[in-house]
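A.B. asks: The residues making up each chain are set out below.
There are 2 protein chains.
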Amino acid sequence: MPPEIPATGLQLQSTIRSDATLELALAEVPVPEPGEGEVLVRVEAAPINPSDMGLVFGPADMTTARQGGTPERPVVTADVPERLLESVRARLDQALPCGNEGAGVVVKAGSSDAAQALLGKTVAILGGAMYAQYRCLPAFLCLALPEGTLPSEGASCFVNPLTALGMVETMKLEGHEALVHTAAASNLGQMLVKLCNADGVPLVNIVRKAGQVELLRGLGAKHVCNSSEPSFETDLVEALVETGATLAFDATGGGKLASQILTGMEKALSRSATEYARYGSETHKQVYVYGSLDRTPTQLERNYGAAWGVGGWLLPLFLKRIGPAGGQKLRERVAREIKTTFASHYTKEISLAEALELDSIASYGRQATGAKVLINPHKPGR
Amino acid sequence: MPPEIPATGLQLQSTIRSDATLELALAEVPVPEPGEGEVLVRVEAAPINPSDMGLVFGPADMTTARQGGTPERPVVTADVPERLLESVRARLDQALPCGNEGAGVVVKAGSSDAAQALLGKTVAILGGAMYAQYRCLPAFLCLALPEGTLPSEGASCFVNPLTALGMVETMKLEGHEALVHTAAASNLGQMLVKLCNADGVPLVNIVRKAGQVELLRGLGAKHVCNSSEPSFETDLVEALVETGATLAFDATGGGKLASQILTGMEKALSRSATEYARYGSETHKQVYVYGSLDRTPTQLERNYGAAWGVGGWLLPLFLKRIGPAGGQKLRERVAREIKTTFASHYTKEISLAEALELDSIASYGRQATGAKVLINPHKPGR
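So the sequence lines, in the order shown, correspond to chains A and B. Following my numbering, the numbering of the first sequence begins with 1295 at its first residue and continues without gaps. Following my numbering, the numbering of the second sequence begins with 1295 at its first residue and continues without gaps.
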């Protein structure tokens, strides 16, 4: 028998006020009645991804965070540096629901065939406002998971799997034949290792610790370069010569890594050059920055000729580029391989209230490689 | 009566030796007999462009330059830092002729109709090895200048005019509608002002001195921002709002200017935004670095969402992109407008020997905005 549907449910909301404070709180919001083409999903699992952090914390200085409220309804307040307030002008004084993706069970459906077909099914959703007990949305936004898939298994169907697939697709679209990936021991990085192995795409993994080298080799990674080793630069060039990679995806963003990769690519290309190319190799070398683990400025040495580019890469913009049909093809592959290629692992499952404890925030806010947290909005208080 | 053709002519050559020294010297080389489809050009004017510097000086440290040889045949020697030697491995111990472009008179022609048609004509050439008294090359590489054009007027037909046209063409190819240009008071920058005025392309000029603001306004520039003014950032945003420019060409390369431009573009775009875009504007903002007046690393703040790119831009790669027919169309326009839109101005005309005096090198090596030097290979010694 399906659980009874309450009149209201909890939802995690983030508000940045004009007085330069951030407030995170749990609001009790009405559980909506699904319209004709809509379904109501009881959300049972929603991951905390790095890409959720921007909306949750904004530009607040979380070292100033204070705990308020009650254990069941915690409230977190933090200061936003005045000079950064302008950058979030458009969201001031609005309570914004958070959580890009998640999974749950359809507990009520509108009258349309598409909605009715999902009743009782476990579905994955990329729709925002997923750090909530219930989410009502159009049926076509739901990805029905294969029979026997738990919500916790399907919670991360979109952000990481589609990003990994997006990297490989971007490689093909832009005429490259191999990839470089930084922060490669991350959940996403491990997924990319499996995907590239499955698809025969040569991949150069860059990590920062010896243990991460072992981890990735254990998953079948062939090229793993440890940026903490003194031999990093030459190791990287060797791997670039062997793979021919001229496209990199960089999760760190700041510092010199993107530039080091371009320098390595140019060195690898010049190995095969037969005569002096006065302006450097004519082969285009590209680094896409898709994260900002290092918030310092990106530093580009520009010692790699003229055929280079560095730019931002964002999943929604990539999905726009390939169009709805292209995106649907990728989503269907994710659903088929959610327990294998695209499986995610979590270090912790927490409740909505626990997500607003300062200790938790300090932990998931760190974005430590491999530490991934799942929110279960129906797990009791704390 | 045409001047007599000698058996040999002078040619400026640059050699980087394995012992980590650069040598610049004048070699006496045979004047070739043109083949069937070739012409022999008596070079009378060849500009020193920033893009020539790489081949002439390589990575040598010119503060170590020593003068040798004789006044008529000067030799300049300088040290190359050992760590940079690897970057020029492919050119070691080869005497390379220099000079990308120039103009002169066809004094001898092969038997083909195309070659014969050029006999006695003043032609412009982009072919390398132009810092020489004579240059033999295929007729199809010559751009015949309109009757009454002096070699000194046609010497800079390619690098600057095609770069200016390339910027406007790149803008159209990549879907932008206005341009930003830095170091905008340069010879190229002045040309771009005239070109954009002629073609109705909104242009934001960035300069560093008050005098340069006046200079460009005098040429009809509408938007000129002085980066030395305290109001620079807000002036820039205003100009970006008015023009809608989302593409910039940056001659400086190093430092924070490219990033400041992207920040300004994002601010300009967010002015018209109606709701909070959590990942920033979706409009792609691009800066192409086409020079390196500032050799320090490029520093990117990445506070402009995800739809941004920074990359190298190089004329030969652009010409490859648009293909031979596209390039020919641009070249013909340059020839037609060489005395108006694409006119260049020089501060000095020097001989080949004078080009190898330490004083001259210090002067043209500085690449001061607006100071452009023309080599006349037939001007007597010194």
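These are calculated hints, taken from the structure and not from any lab test. Don't take each hint at face value.
Intra- or inter-copy, both count: the list cannot distinguish identical chains.
Stated by the list, open to error - 27 Å max Cα-Cα, derived BS3-like pairs, lysine-lysine:
id	residue 1	residue 2
1	K1561	K1614
2	K1614	K1466
3	K1642	K1673
4	K1623	K1673
5	K1623	K1503
6	K1642	K1503
7	K1466	K1642
8	K1633	K1516
9	K1488	K1402
10	K1673	K1516
11	K1402	K1503
12	K1633	K1623
13	K1561	K1673
A.B. asks: Hint numbers the structure violates, sorted upward?
C.D. replies: 4, 5, 7, 9, 10, 11 and 13
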